[in-house]
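*Asks:* Protein chains in written order, with our numbering: chain H, 880 to 1366; chain Y, 9 to 106.
Calculated directly from the structure, the hints in this document are not laboratory data. Just so you know, even glycine gets a beta-carbon here, dropped at the ideal spot from N, CA and C. Accuracy of the hints is not assured; some may be wrong.
[Unchecked claim] Computed cross-link-like contacts, DSBU-like style, restricted to lysine-lysine with a CA-CA straight-line distance of at most 35 angstroms:
1. K1291/H / K34/Y
2. K973/H / K1291/H
3. K1182/H / K1291/H
4. K1182/H / K34/Y
5. K1136/H / K34/Y
6. K973/H / K34/Y
7. K1182/H / K1221/H
8. K34/Y / K1295/H
9. K973/H / K1295/H
10. K1136/H / K1291/H
11. K1136/H / K973/H
[What the hints assert, rightly or not] Residues of chain H clear of chain Y, computed beta-carbon distances all greater than 12 angstroms:
12. A900
13. E945
14. A1025
15. L1247
16. F1274
17. A1356
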Amino acid sequence: MSIIDRSARAIRDDVASGRIAAADVCDAFIERAQATNPQLHAFNLIDVTRARAQAADIDRRRAAGESPGPLAGVPIALKDNLCVRGQRTTAASKILETYEPPYTATAVERLEAAGAVILGKTNCDEFAMGSSTENSAFGPTRNPWALDRTPGGSSGGSAVAVAARCAPIALGSDTGGSIRQPAAFCGVVGLKPTYGRVSRYGLLAFASSLDQIGPLSRTVADAALVLNAIAGADAHDSTASSQAVPDFTAALTGDIKGLRVGIPRAFVSDGVDPAVRAAFDQALETLRALGATIVDIDLPHAKYAIPVYYLVCTAELSSNLARYDGVRYGYRASAPRDQSLKEMYSRTRDEGFGAEVKRRIVLGTYVLSAGYYDAFYLKALQVRTLMRRDYDRAFESVDVIAMPCAPTPAFKLGEKVDDPLQMYLDDIFTVSANLVGLPGISVPCGASGDLPIGFQLIGRMFEEATILRAAEAFERATDWHTRAPSV
Amino acid sequence: MSAELTVADVERVAALAHIELTPEEKQLFARQLADILHYAEQIQALDTTGVPATAHVNAAQHERDDVAAPSLPVEEALAAAPDGAPDAGLFRVPRVIG
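Between the sequences and the hints, there should be enough to build the whole structure, so can you do that?
*Replies:* Okay, structure coming up:
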């Protein structure tokens, strides 16, 4: 098996034992990333110098008899909204086109401490706002299974990097499905941990009560391996939980006998593509054959998830993105000498942000403004409570909840870009987990023609181990995760 | 609550957010945001009397001890500024008072 087809775990084992040099692993993935990037545009930055230096350091440490770490020599691509000291980090926005952060995100520091090699930055929707990676200031990313289709989003570059064997692992961020949906569209595994499981320090903020960092990988075991490295409390993020972090790889026993899997039948009955429905039903049959019990459940407020999500996230982002003002970092509009500070702010933000970001800032400012706050923002937060209660009730009788990850397979480039509401509706199955904070994982479970289909397992707060165990058992029984696109 | 959204509304809100939109953007956003708000109005039919708001799902936030620690050196904090004045230790901005 060629290096680029290997799992992170296999690479780690081979590097740690000296069967292969981290430098050779690094070069193999860099070569693949460089060869495919003109076609796919998975990467905004392939940081060859930095990656090679890190790989050489791993080889040196191993040669000196030091333990090179649980991710020794594993190349990892980072979504372009994760800060790395001195490495260009743009959020796919013109406003941060040349930004080099003075600090590194906690999740990235932990990967590096575990021996990982950072390959560079993957393309995404601007500030992670989008479901197709078309809202990037640097052009769209293409789906490696069909070049005329989107890879999903917003972590589309991360999903493509993993699917196209440019990296065994990528980190993404998931505010309303931005890890899970592109994973489903590209045929890879995507894990959104529980809110608070992973520190958000160094993640360029979008919606602070929803954002969560997580891995995309080709196997469930690799997702568990990465979560082990990045999870846990952090003095830099008061919302990072001090809950104990178990060894998630130890949960992968393959045994799901007696696991109760809840299906919100009414919620998933409408508007789902026939191929997605067939793949989802087949996935449930597989879980049943493995010994799980399928239980019908009701999530009566799930159908309100899209309005609640887009009111909450725009309110939060309108506040978070106020920091981009052309003063402390990033782009500043060039303007006449006699312009005022306020004119500079307004021009900088009009020129620096793309259409979707501006649309959302205006919407969020509107729903927070006098006269609309109660009717929209506060109301949405109350319905969010009703949604939490639905899930609490459901989890009294089931251990995990299964649903499709997206209503359709990957859609075409340009298909929804002029109709934001249609684009938002595509997030129907993913946004709930963010609103209520629950962990979710997307796993490949089928195909429509060549286009991958994924389904999603949602677990109780801080019970990533349960969804990882179920997902890995499913993976053992199927071979969807072994398919590779022919790019 | 009506989801009528006029170009004047978009102008007012964009001014609050310090974004200078083009006339085309104002027209487009008025139409698109009206669509989105109209869709969002469905939640207003729900009875939420007495239901508390969930602004944040993680109740157990913790604060660290109030201990002084090194922070970003001034020259690093200024390094990414579009118009920094590192010798003075300042960010330079256009005039504030006319």
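*Asks:* All hints, please: hold or fail.
*Replies:* Hints and how they fare:
1. K1291/H / K34/Y: holds, 27 angstroms
2. K973/H / K1291/H: holds, 25 angstroms
3. K1182/H / K1291/H: Within the cut-off at roughly 25 angstroms; holds.
4. K1182/H / K34/Y: Holds, at about 30 angstroms.
5. K1136/H / K34/Y: violated, 57 angstroms
6. K973/H / K34/Y: Between K973/H and K34/Y the Cα gap is close to 21 angstroms, so the pair holds against 35 angstroms.
7. K1182/H / K1221/H: At roughly 41 angstroms apart (the allowed maximum being 35 angstroms), K1221/H and K1182/H break the hint.
8. K34/Y / K1295/H: Holds, at roughly 20 angstroms.
9. K973/H / K1295/H: holds, 22 angstroms
10. K1136/H / K1291/H: Not OK: K1136/H and K1291/H at ~40 angstroms, beyond 35 angstroms, violated.
11. K1136/H / K973/H: violated, 51 angstroms
12. A900: Fine: 34 angstroms to the nearest Cβ keeps A900/H off the interface.
13. E945: About 27 angstroms separates E945/H from the closest Cβ of chain Y, which puts it past 12 angstroms; holds.
14. A1025: holds, 28 angstroms
15. L1247: It is violated; L1247/H is separated from chain Y by about 9 angstroms at its closest Cβ, not greater than 12 angstroms.
16. F1274: holds, 14 angstroms
17. A1356: Answer for A1356/H: holds, closest chain Y Cβ roughly 33 angstroms.
Going through the hint list in order, the structure does not satisfy hints 5, 7, 10, 11, 15.
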